[in-house]
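Taken in order, these protein sequences are the chains called A and B. Residues in the first sequence are numbered from 22 upward in steps of one, following the working numbering. Residues in the second sequence are numbered from 785 upward in steps of one, following the working numbering.
No lab work stands behind these hints, which were simulated from the structure alone. Wrong hints could be hidden among the right ones.
[Claimed, not checked] With a straight-line Cα cutoff of 30 Å, these simulated DSSO-like cross-link-like pairs (lysine-lysine) come out:
| id | chain 1 | residue 1 | chain 2 | residue 2 |
| --- | --- | --- | --- | --- |
| 1 | B | Lys900 | B | Lys883 |
| 2 | B | Lys808 | B | Lys911 |
| 3 | B | Lys891 | B | Lys809 |
| 4 | B | Lys823 | A | Lys187 |
| 5 | B | Lys809 | A | Lys187 |
All of these numbers come straight from a predicted model, not from anything done at the bench.
This is what each chain is made of:
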Amino acid sequence: MDFFVGIFNDFYRVMIEGGRWVLLLEGLWNTIYIAVCAVLIGTVIGCLLALCKISKSKVLRAVANIYTTIIRGIPLATQLMIFYFVIFASFGMDRHLVAIIACGINSGAYVTEIFRAGIQGVDIGQTEAGRSLGLSRAQTMWRIVIPQAVKTALPTYTSEFIALIKETSVLSFIAVADLNKAGDLIRNATYNAWIPLITVAVIYLLITFGLTKLFALLERRLARSDRG
Amino acid sequence: MKKITALFMAVVLCALTFAGCAEKKQVTINSTEDLNGLKIGVQSGTTGQTWCEENTDSEVITFKSGMDAALDLKNGGIDAVVIDELPAQRIVEQNDDLKILDLRFTKEEYAIAVRKDDTALLESINKTIAEMKENGDYDKLTGAFMPADGNIVIPENVAPTSGETVKMGTNAAFWPFEYTEGSDIVGFDITMSQYIAKGMGKQLEIINMEFDSLIAALQAGSIDFIAAGMSVTPEREEEVAFSDTYYASEQVVIVRK
C-alpha cells in the first residue's frame, strides 16, 4: 500500500504540482497536429509520385525515383535539421511549419512506395478488361484500379501514419516542444526520470493503439464488399 | 499529370515566398524586463533555462546545445540566447553578426556532481580540487584553457591509462570546459577530471551525452560523476551532492547585431 502511496505522491509532485501536466497537453497537441498535417502533405505527395512512378514518361519516373531514394535513405532527424538549419534557414520560418514540411516530405516518400505497390498489386487483367470495354487509360485507372489499390494499400498506409506519430519524437532537434520534449522538460524541472518517461510512453502507446483499432474498423468496413 | 505537378510546384513556391517575408526582429534589451515577450533560446536543462522561466515572461525555447540556439538566433527563429559567459564569447567570436549584451544578472559557480551516497568519491574530488588550487595546477589549467592571448594549449593526459575506470559524464558542447578537438573530447573539465582520476588511481572514461540527461544518468549509476560546467543550484542539490566549486561564471544575453 505504501508503495502505491509513494508512487502517487511522486506522481503528484512531478506532474500536478506547478501545473506541469499542461506541458504534456501542449506537447501532445503539437505532436498530433504536426503528424496530421504531415500525413496530409505526405498523402498528396505520395499520390502524385506514385502516379509518376507508374507513368510512361521516363522523366517523371526518374524524378519520383530520385525523390524516394534520397528521402528514404536519410534519417528523419538529419533531414529535419537540414531543412531547418540549412534550406529554410534564411526564411526565418516558424519551426512548426518546417517540422510539418519536413515530416510531410519524409512521409511522402514512404507513402509513394505504399501507393505504388498497391496500384501494381492489382491484377493486370483488370486493366486489360477495362481497356477492352472501351474505357480510357485514365478512366480505367480511376474507376477500376485505384478503388482496389486503396483497399490493399490501406493497412500499410495506416501503419505509416502510426510510424510518423512516433517519428515526430525527433522534433526536439529543432526545438519543437512535442510530447517527447515535454517529458524532457518535466524531467529537467523535477530531476525525476521515470515518471515523465513512463507517462509519455503510455500516452504514445494509447494514441497508436487507438489508431490501430480505428483503422482496423475502417478496413473491416472496406472488406465488406469483398466476395466471401 | 504535368499540369498537376506544375500546380503543386507553384503552390510550394508561393508558400516559400510568403514565409520568406518574415522579418528578423531587431530587439533592444537594456534590462531584464526587456526580455519579456521575446523568444529566448537556451540549452536544455541549464541554469539559463531555469532563470528565464522564473524571472521573465518570455517564450523559452530549449535547444540541445548553445550552438544550435545561436544558429537559430542567426536565422531569426528566436530573439535572444541566454547562456554562460565563456561559451557565449566563443559563439560571438565565430559569428560576426551576433553580440553579447552588457547586461549581467545571475552569478553562479560550477562544481562537480556525484551521487549523494557517494561520500568517498566526493571527498576524493574535494581533496584533488584543494590540492590543485594549492600547488598551482589549477592556475596552469586556467592558463591553458583561458589564455590571455587566445591560444589554447591542451595539456597531456595525467590520468593512468590502465586499471580500473571511473566514469565521468559531460556534454561536449560547452567551450572551453568541454568540446571536441578533432576526434577527442578536451577542455578544462576534462583535464580536471584527469587529475581527479589520478587522485583515485583510476583511468578516466569520458561519456558524452545530452546535458539534460546527466543527472538522471548519474542517479542511474551509468556515470560516477558529472563535470560539465554544471552550476550549483538548490534544485540540483536536492538530487545530487556537489563538490567545492571551481569556477565562477555569469549568464549573458546574445542578440543579433
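Of the numbered hints stated previously, which ones are contradicted by the structure, given in increasing order?
-> 1, 2 and 5
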